[in-house]
Structures are given as C-alpha cells and as structure tokens.
Amino acid sequence: MFQNRTEALALALPAAVFAALVFVVPVVLLLSEGFKSADQWTLSAYVDFFSQSLNRTVFLRTLKLGALVTLAAAVIGYATAYAIVSLPPGAKGKMIGLVVLPLMISPVARTYAWIVILGRTGIVNQALMAVGLTDEPFRILFTETAVFIGLLQLFLPLMVISLISALENLPRDAVPAARVLGANWFQVFWKVILPLTREGLVVGGTLVFTGSMTAYITPAILGGSKVLMLETLLYQQVTVANNFVSASVIAFILIVMSFAANILLKRIATARNRT
Amino acid sequence: MTQRLYAPIILLLVMIFLIGPFFIIVAASFSAGDTLAFPPQGFSLKWIAKVFTVESFRQSFAVSMFLAIGGTLTALLLGIPASYAMSRYKLPLSETVRFLVSTPIIVPGIIVGLALLRYFVIPVGLSITLALFLAHTALVLPYAVRVVSASLANLRSDMEEAAVLLGSSRLGAFFRVVLPNIRGGILAAFILGFVTSFNQVPVSLFLSGPGVRTLPIDMLGYMEIVFDPSVAALSALLAFLSIGIVFAAERFLGFSRYV
Amino acid sequence: MSDASFLSLDKLSLAYGKTIAVKELDLDIRKGELLALLGPSGCGKTTTMRAIAGLMTPVSGRITLDGADITRVPANRRNIGLVFQSYALFPHLTVFENVAFGLKLQGIGGDELTRRVDAGLKSVGLTAFSGRKTPDLSGGQQQRVALARSMVMQPKVLMLDEPLSNLDARLRLEMRTELQRMQKETGVTMIFVTHDQVEALALADRIVVMRDGAIEQIGTPEEIYNNPVSSFVADFVGFENLFAIRNGKLVAAGGIELDPAGPLPDAAGLAWRPRAIALGAGPFTGTVRGVSFAGGTREYLLESGFGTVKAEADVSVPGYPLNAEVAFDMPISAAAPLHRFG
Ligand SMILES: Nc1ncnc2c1ncn2[C@@H]1O[C@H](COP(=O)(O)OP(=O)(O)O)[C@@H](O)[C@H]1O
Ligand SMILES: [Mg+2]
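Taken in order, these protein sequences are the chains called A, B and C. Each step along the first sequence adds one to the number in full-length UniProt numbering, with nothing skipped, and position 95 is 95. Each step along the second sequence adds one to the number in full-length UniProt numbering, with nothing skipped, and position 85 is 85. Each step along the third sequence adds one to the number in full-length UniProt numbering, with nothing skipped, and position 292 is 292.
Just chain A, same shape as in the assembly (with noise of 0.2 Å):
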C-alpha cells in the first residue's frame, strides 16, 4: 500500500474523466431531456409515454419476455448446471467449454439461424408438415415465441455458469444426506439446493434479466415491428419519429429496470449473508 495521493489520482484520473465525459455526461443529459419541457421539470413526457396503448403494450411485453425467459432459464439452468457437475471432472470442463462457446458467437449470427429454423419453410414447419401435424406452415417467426426462443437461447449461457459455481460451493454431501433423510428431489431441491445457491441464481437471473431488456437483435430480427420491445421501440422512436424525447423516456425505463435489476441481486445476496 502506497501513501501518494497525488501519484494514485494521476494514474486513476484519466480512466474516470474518460468514463464521465464519453458515458455519464452525456447519458445523463440524454435522460435530463425526458424530464424537461420548455425548460421546466416535468413529468409529462413521462405521462405522454403510457398514455398511449401501444408503449404500454411494448413496456408490458418487455417486462414479460423478460420474465419468461428468465424463469425458463432458471430452471433449464438447474436441470443443465446439475447435470454438469456431476460429471467427472474431464467431461466436466469439455461441457462448459461447450456452454460458453456461444457466447463467442456474434449474436447477429447466433439469431439469424433461428430465421432458417423457425421461418415459413423452416425446418420446424418442414418437419411438423412431413408428419402430417400441419398441412399450412405455422406462423413462428414475428411472434413473441420466436423473440422468447432467441432470447433463451443468447442468454441461456449466462445462467448454466453462475449455477454451476453456485453448484459447485455446495457442501459435499448435502445432497445425499437430505435423500438419506428421505426428502424426495422435490424436497430436495426446494429445502437444500435452492437456498443454497441463491446467490448463483441471483447473479445469472439479473444478467438473463438485464440482458433480455436491452437485447436488440433479438427482438429487431425474430420479432420485426410486429413484436416490438422497448430497444426496438428506442431505435423505431429516433430513426421513424425522430421523436428524441420519447427516446429519452425508454431510455430512462430501460436504465432504471437495469439497475433495479443489479440492486436488487445485491439485495438479496447481502441478505442471505446476513442469515
């Protein structure tokens, strides 16, 4: 530990004045925007927003896309991050090598696969005509159900990690010990495995969470202007309406969901520690 304040200030200043000038200065005025009219602080744009149907809609969608596919995460997660650590530990990384590979991929190319999948002479329609389920293709893309797929699948990732370090935290024998007691694996999971890697979901639900909110490409390739989400809306608002206030708005919903989000894991993290 070094005691020249000086010194640790010239080398720690430029990142912050970096940071400041190119992110927090102008975001916040960007923000300011949404809650100024005519050079008064106002809510009305706030107001103006939900009033109409049709952001209501998108704001209600986002927040249940969100929902949906972090619930669904969560629990492929379990079923996922289980599985993988009780392999042996060589297969064992090979599998979260295989898990974090996507994460690699571009994301405009991981969505844009699911256009030859789900599309109107996609393979799932191919499929479910050649069985004869169907003789007219389904309607999948542009649907929310293909929005939820992408979604699930670009942030699936995240989840199977942090459950898996949660997992693997797991005292040893507290899984046996709790069958050995005769909990069936509903009990099992319920009263052992879940309170103890709260943490684990915690962490990977915000970023599944977070991550489906902001997610552009998702929603702009797989959903169209038929599914809009609030990103969408965003770029719809400035490039169609060049509407800067409304964007301003989302904006600030989409910050403040995102950090409500983020303080919401510490939250329950900290208060689990407390116990």
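Rather than coming from a laboratory, the hints here were simulated on the basis of the structure. One thing to keep in mind: the hints can contain errors.
[Claimed, not checked] What follows is a set of in silico ranges between Cβ atoms, one per label pair, in the way DEER data are often shown:
| id | chain 1 | residue 1 | chain 2 | residue 2 | range |
| --- | --- | --- | --- | --- | --- |
| 1 | A | Glu168 | B | Ile19 | 20 to 26 Å |
| 2 | C | Arg72 | A | Ala20 | 32 to 38 Å |
| 3 | C | Thr19 | B | Phe17 | 54 to 60 Å |
| 4 | C | Ser292 | A | Ile263 | 56 to 62 Å |
| 5 | B | Gly125 | A | Arg198 | 49 to 55 Å |
| 6 | C | Ser41 | B | Ile19 | 54 to 60 Å |
| 7 | C | Thr19 | A | Leu68 | 51 to 57 Å |
| 8 | A | Ala130 | B | Arg183 | 51 to 57 Å |
This structure is a prediction, so every number in the text was calculated from the model and none was measured. Note that beta-carbon positions come from the ideal geometry of N, C-alpha and C, so glycine has one too.
Given chain A, put chains B and C with the ligands in place with the hints provided.
Okay, now just chains B and C with the ligands, sitting in the frame of chain A:
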C-alpha cells in the same frame, strides 16, 4: 437407471438448443442454392467466396477490426493504471472511480450510442468514426478494469516494494515486476474486450454514416435487403475466428482463469 | 558519528492515516550489531522496519544512517535490505535472476554479475537451484533466495521480518544458526523482528521489546531475561506470577492484597518465575488444581486465597497430587523487581 440417463439426455437436448443453430449456419453457408434454407440445396463454396467480394463487408470488417483492436488497447491503456491505483493505493475516491468506469456495463449500449449521437456528433460535429471509437472504448473499459484488477489482486504488493528496495524506481518496479506478472490477465482482458467490441451491436446502432459502419450493423442492413446465404457464410467465418482466438488463448494461457 | 549510533531513530512517529502505529521512538543501533525487535503481534515492529527501509514516510522524527540524515531519502537509494515475511520473490524470474535483480540495476553485468550472484547463492547453499523458477521452491529455499537477493547488495543494514515464523521446527533451528553465522561472517548490521522471546534470546546481541508502538525495554538477552523493567516484559519472558506493590502490600491480579513475607524493595511490583516459587513450606497455602509433566520438571497450578499461582519443581522431589493442600513461599529475594506495573 433413470438417474444414469438423466445427465446425458438433458445435456444432449440443451447442447442441441445452444449449439445446433450454429451448425445450421455453417451448413447453410455451403449451400449451392440462392436462398437461405436448410437442409442446404447442394454444396458449393460460392457464398463463402462471395463474402470476400462484397465491398461493404470489407469496409465494415476493417472498421470493426479497428474499433475492436484500437478501442480495447485504449481501454487497457486507461484501465491498467486505474486498476493499479485502486489496488495499490489507499484512495479515498476508489469507489467513485470504480463506479464511474463500471457504469458502461450497467447502462444499455443503445443509450450510449444515442447520447453520443445527440450531444457529440450532431451539435459538435464529432466524426462518426471517433464517436464509435469512444463508445467502444467506454464499453470495453469495465471489462479491462475487472480482469486486470482480478490479476492484480492475486499479486502481492510487497513484490514491488522488494524491487524498490533493490534500487528500482516505482515506475521501474511496475514495468519490471508487476507487468510481467499480469501479462496473462492483460491478454485475457484484451481478448474479452476484442470479442465484446467486435460483436457489439446496440452501441453502434445510431453511429453509422456514409462508409462508416461496424460489421454486425452492416450484416443487419444486408439481411434486410438480400436474403442469400452470404450472411450465413460470414457469420460462420466470424464464429470460427472468435472460437479460434478463444481456443488458442485458453490453450496457451488458461484464459478462463481470468474471466 | 560513533559506532554506537550507526543507525538512529530519533523521536520517530509513524501512522496509517489517522491511526498512530509508532509513537516517538528513540533507538540507537551499533554497527555490526544483531538486534531483535520483540513484541506481540500488532505492536509496530513491521511498521518500524518499513519506515527504516523508506517504504513509509514518518509523521515526525528523524532517521540517520552512517552519519547521514536519510529521513527523506527514497527507499531505492538507502541501500537497506529487507527480507519480507512473505519473501516477496519475483515469480516470473529464476533464482539466479531474482538474486541478480538489484545488481543489474546498478549496471553490473557480465562476469562480475555471474560471480557475485553465484557467490550469493553459494552462501545460502542454493547453487544447484540457480535456473529454477521461484514458485517451485520450498518455503525454506524461498527464504534463502530472498536472503541472498538482499545480501548480494551488500546493504548497510539487513532487516528480516519474522524470518523464522513460517518455517517448521527443524528448519527454524537450522535457519537460526545460519543467520547468526552469516551475520558474524559479513559483519552486517542486522535487525530481525520476532514475537517469539526464545528466538530473540537465542539470537540477538540486544533486544528491543516493543509494546503498543513504543519501546518498553532495551537490553541484552540476559538483562531482559533476568531483569525485566515492567510487568509487560516480565510476562513476555516467562514471569508468570506478577504482583503490584501498593501501600506496602502485594496486590494480586484479582485485586486481593496480601502481606509480604518480608520487607519490599522500592519497586512498582514483583515478579516470580514458576521456578522461583518454593513448594512445601512457607506462609501461604494453595490447593493443587493442575499438574503437568514437563520433562525434567512438574508444573503446578495452585489456587490460593489471592488467586492462581504457577509453580514448578524438579521431578526428583516427590510430587503433589491433585487437590492436595500445599504450603508455599514466594521469597522476595527470588523475585524480579519491576519499575512499571500495568
Ligand atoms: N496497512 C495498514 N493500514 C492500517 N493500519 C495498519 C496497517 N498495517 C499495520 N497497521 C496497524 O499498525 C499497528 C502496527 O502493525 P505492525 O507494524 O504490522 O505490527 P507487528 O509487525 O508488530 O505485528 C497495528 O495496530 C496494525 O493494526
Ligand atoms: Mg509484522
């Protein structure tokens, strides 16, 4: 018995879901047909070859490479000293600095791009290229600080003191003793930053001008007009590039230790 | 400058932020001396050492070395060696490169570098390990590298922070001898920090006992061992029965007063080692609450009317069983008089 089958079945299904689409992209890029379809119609390398001939892809690839390399290097140049100061000095502003440099991770990228467009590009006339560069640097900064801080935390500070007592200056101790020992962390931060920047879309959405747009944005634009397998081919190529880099890094450095 | 004050600390005060760690320390160290800083954990030994090395700026006071005021001289120009408690080796360098580090910075290269590094490695018996990376070495070997790395610089003062505490019992004894040998051979002025009185007594020419950032007593091992000036030092070097003197009476730890067996000296307190308690006869009685066999002696815990007394007797004399009533004496002549109590 059911228990023995549980892991393989779950993992097979999840891996099909996670990685299957990637194989479809790869297969589609070898198609001989003119539209994106699966199973591919015939086999050819024409779409892969086409990727290299599309002028806008070549331009935007160069832009993305410049941003990913230049932005990440700049972020490291800013982030390494800051991480060092935060880990080695009793700094009253430590928490403030840490908060400032980590905000870009919390704030959605699309907002950063929009804010830069609104307050720097439009009124001040800042060039799109420079705005992109600043935005990508800011985006990568939190990763650089996080990864470098983690490797500094594993490095005891009495090593620098030992170097000083042997006659080295403070700066000399940093270069002779600290830097060689966090090289792996810095490289890991570079790769993480590179991949993050290269694949980034929302930050760059509003920041495109004539001849200046990032590769992912260019791909999105191309897809809206032409629906041929060349985007699939390009995606597959990029994916192999990312995987190759990460694999090499893991192989030679144990990359995952730092992330 | 006289040899008696080769290194002097003059009213040295050191602080971490607002917490004072060392208060107005005065200390003169002779050239070629082997000095021990002894004291419980947290009393400021490491802090004092870091200030001497220049890793910490004093709040006030002066440090002079070899006649020159070095208070404001930066750490890299003091030529003071410090072997860190953690050794602080450079993990990316080999043993040879670690030892060569400081010499290279002085611009020494070629044959001379090789010769001096080899000599340093030889003196700590690590010639065969020259090409190894340091993390591959055992703790004891790492310490020798750290020692050699400092010694090749021919420092004016060599300081070692708890050099023996990370070693196992056998290595500790070996290292103790080796440090002593090295100090006698090179004549380097050496300061070492320890919280273990046995180490300090065995090794040092002089011992500085520290307490709460101040010096409690300075003396030769014999002086410290036989004539502790205060209850703190007495307790630290094994006087386990401590009594304050107040109004002509002895006062036990629990506050109970007792009449002394004879006239009291002019002191703040008296201290007896367990050995000094005479068992079998005397004005006091106690009940045996504990007996433990310690090789040549037996140790007794006696419960008396004024508190617990620790006594020790040769195994050659018949022992006392648990719960036996034993008469005992605390002869004033066998007590160490203390000048400060509490
Ligand atoms: N880096 C530090 N920051 C704040 N206080 C410290 C620091 N290092 C030591 N101290 C405090 O200074 C006092 C002396 O510590 P130290 O010199 O390390 O003691 P010793 O080496 O005798 O065990 C202790 O009270 C300790 O808590
Ligand atoms: Mg210490």
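Hints the structure violates: just list their numbers, smallest first.
none
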